[in-house]
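*Asks:* Chain by chain, the residues run as shown.
Protein chains: 2
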Amino acid sequence: MPSQGKLYVVGIGPGCEEMLTLRARKVLESSDYVIGHRTYLNFVRHLVRGSIVESGMGREVERVKMAVELASGGHVVSLVSGGDPSVYGLASLVAELVYRNGLELDYEIVPGISALNSASPLFGSAISGDHAVISLSDLLTPWQVIERRLRKALEGDFVIAIYNPSSRRRAGNLRRAMEIVIEYRGDCFVGVAKNVCREGEQVLVMRASEVAESGVVDMHTLLIIPSTESIVDGNWIITPRGYSRKYELEVE
Amino acid sequence: MPSQGKLYVVGIGPGCEEMLTLRARKVLESSDYVIGHRTYLNFVRHLVRGSIVESGMGREVERVKMAVELASGGHVVSLVSGGDPSVYGLASLVAELVYRNGLELDYEIVPGISALNSASPLFGSAISGDHAVISLSDLLTPWQVIERRLRKALEGDFVIAIYNPSSRRRAGNLRRAMEIVIEYRGDCFVGVAKNVCREGEQVLVMRASEVAESGVVDMHTLLIIPSTESIVDGNWIITPRGYSRKYELEVE
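Same order as they appear, the protein sequences are chains A and B.
Using UniProt numbering, the letters of the first sequence correspond one by one to residues 1 to 252.
Using UniProt numbering, the letters of the second sequence correspond one by one to residues 1 to 252.
If you are wondering where the hints come from, they were derived from the structure by calculation, not from laboratory data.
Among the hints, erroneous ones may be present.
Intra- or inter-copy, both count: the list cannot distinguish identical chains.
Here are the simulated DSSO-like cross-link-like pairs (lysine-lysine), alpha carbons at most 27 Å apart as the crow flies [as the list claims (entries may be wrong)]:
| hint | residue 1 | residue 2 |
| --- | --- | --- |
| 1 | 26 | 65 |
| 2 | 65 | 246 |
| 3 | 6 | 194 |
| 4 | 26 | 6 |
| 5 | 194 | 65 |
| 6 | 246 | 26 |
| 7 | 6 | 65 |
| 8 | 246 | 194 |
Model the full assembly from the supplied sequences, consistent with the hints where possible.
*Replies:* What follows is the structure, given as structure tokens:
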């Protein structure tokens with residue numbers, strides 16, 4: 001009888017250990033191999049009892065194939081994904097590989113806290129209700145699709161969470177995105193959350209026109225574009241859910 | 001010196017204990033009072049050492065005011081929110097009360113796993129990338145705003161996660177929403193995830209035209225409208241992130 005391998009794709013949240021789910025911790029502790037990019041491995045390294053395999057940035061396909069091979073060979077493998085594997089994480093790549101190749105692999109996606117869920121409260125309550133989530137990275141998605149989504153989200157007056165807003169190679173995308181925001185909303189305020197729950201955490205509110213030039217924004221930053229209903233005051237961004245239209249919100 | 005109270009707004013995820021974060025568990029265990037609706041309290045009751053205060057459905061404002069009062073009086077209080085408090089949860093109401101009343105209250109939002117993060121993997125990888133999140137409940141948001149957002153999300157070809165799709169009093173909203181989906185996408189497939197991670201979990205894929213009449217959809221159901229790029233096959237919904245355009249996804 002062959003040994004039973006299993007592949008876990010483990011969302012580890014924004015970085016601090018307390019944001020791990022109980023399931024994620026358990027799975028990391030009990031895996032034979034834990035595979036991931038160094039940035040994410042560093043957050044969970046102390047929990048791992050098995051072997052650690054570090055893999056470079058941009059090598060997602062290679063990393064996932066290695067994890068699939070090890071699990072198919074009978075090992076229990078955790079593939080580490082920052083935030084939540086379903087939100088710009090490794091869930092889709094694993095599902096795609098398993099589906100396209102008709103693999104009989106036992107795998108499980110372990111959800112994690114995504115950046116918007118940990119960043120929104122730092123402003124008070126920036127998200128609260130309906131929202132759109134858009135990545136500015138055009139490595140895998142054509143820029144015209146990204147731009148069209150941004151426009152539709154602005155037309156729909158969604159709160160917008162922007163992932164992967166900038167990297168050294170494509171700072172132009174951020175500048176272009178902010179121009180589009182200004183086209184619809186004027187030079188509105190934007191929430192900037194960097195390194196949430198990690199060393200160097202910064203939470204700022206600045207004008208859309210200042211975002212690209214600020215030098216703050218990188219791949220570890222989440223931007224939040226408020227809706228026209230959001231209250232912005234200093235570092236507060238609160239998007240009310242409509243309770244104040246129906247109830248007294250005074251406290252004695 | 002007055003004693004120091006604190007209010008935690010605790011996201012408990014979809015329901016099963018393993019989806020709690022380490023922080024959520026710690027906070028629930030160490031609170032003097034744990035306040036919430038019975039449905040959510042039942043998932044965490046066994047962890048609570050302090051007093052439990054049950055509060056009825058639809059009494060969010062009353063519940064939040066009580067929590068604020070107890071915390072202001074020097075107690076450590078956990079206010080329980082299903083899923084993530086920032087996504088149709090209690091974060092906004094607490095932030096709004098604190099902000100509007102200028103309270104000097106020490107409070108913290110503890111993020112949780114929201115329904116879309118736990119439901120997406122059950123189809124393979126339904127969400128993966130850019131997505132829009134919309135609630136069909138018109139209790140706090142006018143229906144015309146909801147309908148406009150749904151149309152813009154469809155025009156932007158987002159994957160769409162629909163929260164609060166139906167309740168006994170407003171089944172018409174679901175029927176109307178599916179008509180709008182069909183207007184843009186034809187009678188496409190829709191992911192239906194009910195009671196995720198709880199007793200009675202059901203994961204189905206059905207035609208948009210069947211959703212309202214199926215009798216399956218209630219307030220504990222999340223709907224996922226795939227994008228035009230999503231692969232739908234049986235109970236699989238996979239939204240590729242574009243790797244297949246750039247890499248070989250064959251496994252030996």
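*Asks:* Flag every earlier hint the structure violates by its number, smallest first.
*Replies:* 5, 6 and 8
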